[in-house]
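Protein chains: 2
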Amino acid sequence: MSLVVQKFGGTSVGDVEKIKNVARRVAASKKRIDHVVVVVSALGDTTDRLLDLAGRVSASPPEREMDMLLSTGEQVSMALLAMALEELGLDAVSMTGQQVEILTDTGHTKAKIRHVGADRVIQELRKGRVVVVAGFQGVTSEGEITTLGRGGSDTTAVALAAALHADCCEIYTDVDGVFTADPRLVADARKLARISFHEMLEMAVTGARVLQSRSVEYARNYNVPLVVRSSFHEGEGTWIVSEDEIMEKAIVSAVTHDFDEAKVTVMGVPDRPGVAAGLFGSLAEANVNVDMIIQNVSEKARTDISFTVSKSDLDKVRTVAGRLADELGAAGTDFDSEIAKVSLIGAGMRTHPGIAAGMFRTLADNDINIEMISTSPIKISCVVRRADGENAVRALHEHFHLEVETE
Amino acid sequence: MSLVVQKFGGTSVGDVEKIKNVARRVAASKKRIDHVVVVVSALGDTTDRLLDLAGRVSASPPEREMDMLLSTGEQVSMALLAMALEELGLDAVSMTGQQVEILTDTGHTKAKIRHVGADRVIQELRKGRVVVVAGFQGVTSEGEITTLGRGGSDTTAVALAAALHADCCEIYTDVDGVFTADPRLVADARKLARISFHEMLEMAVTGARVLQSRSVEYARNYNVPLVVRSSFHEGEGTWIVSEDEIMEKAIVSAVTHDFDEAKVTVMGVPDRPGVAAGLFGSLAEANVNVDMIIQNVSEKARTDISFTVSKSDLDKVRTVAGRLADELGAAGTDFDSEIAKVSLIGAGMRTHPGIAAGMFRTLADNDINIEMISTSPIKISCVVRRADGENAVRALHEHFHLEVETE
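These protein sequences, in sequence, are chains P and G. Convert by adding 369 to the 1-based position in the first sequence; the result is the number in our numbering. Convert by adding 369 to the 1-based position in the second sequence; the result is the number in our numbering.
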């Protein structure tokens, strides 16, 4: 028996006509696949509209109540899609995160999935039904409603695919697949036929919007083959699979960028054990994801610590970093929103030295100054001025000839 | 310790400014009342907007999915109100019907409350919190989301007040109280200071929109004092209390009307036992509320059965009545949407004969033909042509001098 989880994002269910279109695609799938589970996001701009409402009611709404509010978006789209499927003559049933039993921790607005109970879904599938699940939402063991953060519906889909031992998880979105760079910035960006979980994970972490990093991590851990394809056109899309399924590895697969980070510097921190632990421990408690971290060479037993965070977390970071700077007797804090992070991703980097040098040279040749550097075995990230962001992406894409297929 | 349940309807939470206004009223209440539980409806036109979305997706959406869809409206407003209360410095927590444990039967879109679990609400009240509960929604023992039908938030409020042994249940709405007739039809309609549960129940059943009949029934059964007042102005409103608390009983308390019913006639039905049981049994199974029922005198072993239903149920009734007419070999069916039901309510009718005669005479004097009559000990209802509806209400209000206080 074949079983596939299909996820349709917000742009795919943007309005009533698009919901009907999704229903038709699901109905077509149901003819060739025995069991179909569909995960949906909120309709188009619903989440933004709800955020706006909350913003007009409260300057800092409690995160628990934000989850109560935001989780309604997916509940609306799942019900409408189930109706549209029934209208096409299919037997369909919608389920909330609570009904599926998508158990999460208590980290409101950024909850992590702890367990997915598949029993009820399997029961419904056995009745021949298409099961439509609200993405993005879960429930704590106390029955509190949580949400998984932006893009959380991808994670819902992959987690369900893993729990159901699905053949694969299909992510339908408004782009045709995963590209060597954002096609809006780079005209000759090329769609990748396949890419490894590890590379996709680095791409997601460094700013590729097509998939949320947690969903890729989940897919890798449970070895759920993922495919990203367009909800509007036919086409094979991009398969994200384990590395051993990819024969010819590209040295560099893609250039990614993230223009939504800010750089925070705590200056003149006493250079003694426990200082960094205190700072980043407090940020973790405040549920702030810290990305790159750099600590300068110590001078006179004092040092500067710089790190990047999402701009949306900057208010929380100001409070925490400011308090800690006071406690530590630091010289001060600095917050810089005008940065861009540009990254080079490629599984082949492991065995091909010199890629980093090529990257730094390319940026230098284009008069782009590097402010921070961070590396992993298959990734190099540089922070540059925001104004240089687009140029950096284009220059790197050209230098590494990403428009040409290497396989 | 004082404990009050306050319910705010859709017009009271019509937009962000009104939600903030409700939060201020709740905050003021919290100063004089130890424990406040707030029940909210969906924001303004949310329910209509969701109904419209569903209508564009499906001609006859499954009721289970309608409940999934509609229950989101109250979840949005409860979260926003909790945020607004926190913004005012109160400690507040919102809860869904499921979290409160408002257990209902499985009658989707018209579910009935079976049990209200108050434990979690009491826990939160003990922490000094204002508890904001989503009205209109419940959950079955299987975890399926249900809704209680239009006006169901009143029932939620009263059921919670009963379960919590509240001092009273305050219904805040867009009118100043319960009137002797709809003030939009009758210029000198008078606000009642108090009215008995029984009279209010008859008023609700016969078309007064201010309270849903089930909420009044619930209040009567559990003896929960109810008060209806404006969410926009101060003022005492109308108290709905048990009859023995009202000393001077008016003979006629109010005239009500319902312009949203339709008359159905099944003609030439075999006059034998079980026919009516079959018809109304099938309608009950289809979850259709039948109001008045009239069976004509039998001629040649055949009879006509007429009854009224809500216009919104007419499609369902057409299917059921048509099928049964075929099975019974009836002569045909007739559906008439152009009717008005006008009713006279008064606890004093029990001891004052002649009220019915006065009503019929008043209608006749105004050239209004009566098509159906139905009575209870404290109510007389007449079905007339829709075009005569407004005139009938005005004539009866004038004839029985309802603009004059009798106490």
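Just so you know, these hints were derived from the structure itself, not from any lab. Take the hints with a grain of salt, since some may be wrong.
[Said to hold, decoys possible] Listed next, the in silico DSS-like pairs over lysine-lysine satisfying Cα-Cα at most 27 angstroms (straight line):
no.	chain 1	residue 1	chain 2	residue 2
1	G	K481	G	K496
2	G	K479	P	K496
3	P	K479	G	K496
[Stated by the list, open to error] Restraint-style ranges between C-beta atoms, simulated for each label pair:
no.	chain 1	residue 1	chain 2	residue 2	range
4	P	K481	G	D543	41 to 49 angstroms
5	G	S371	P	S510	32 to 40 angstroms
6	G	A556	P	L420	44 to 52 angstroms
Glycine included, each C-beta is placed from N, C-alpha and C at the ideal position.
We went through each hint and held it up to the structure:
no., hint, in the structure
1, K481/G to K496/G, "violated (30 angstroms)"
2, K479/G to K496/P, "holds (26 angstroms)"
3, K479/P to K496/G, "holds (26 angstroms)"
4, K481/P to D543/G: 41 to 49 angstroms, "holds (44 angstroms)"
5, S371/G to S510/P: 32 to 40 angstroms, "holds (34 angstroms)"
6, A556/G to L420/P: 44 to 52 angstroms, "holds (46 angstroms)"
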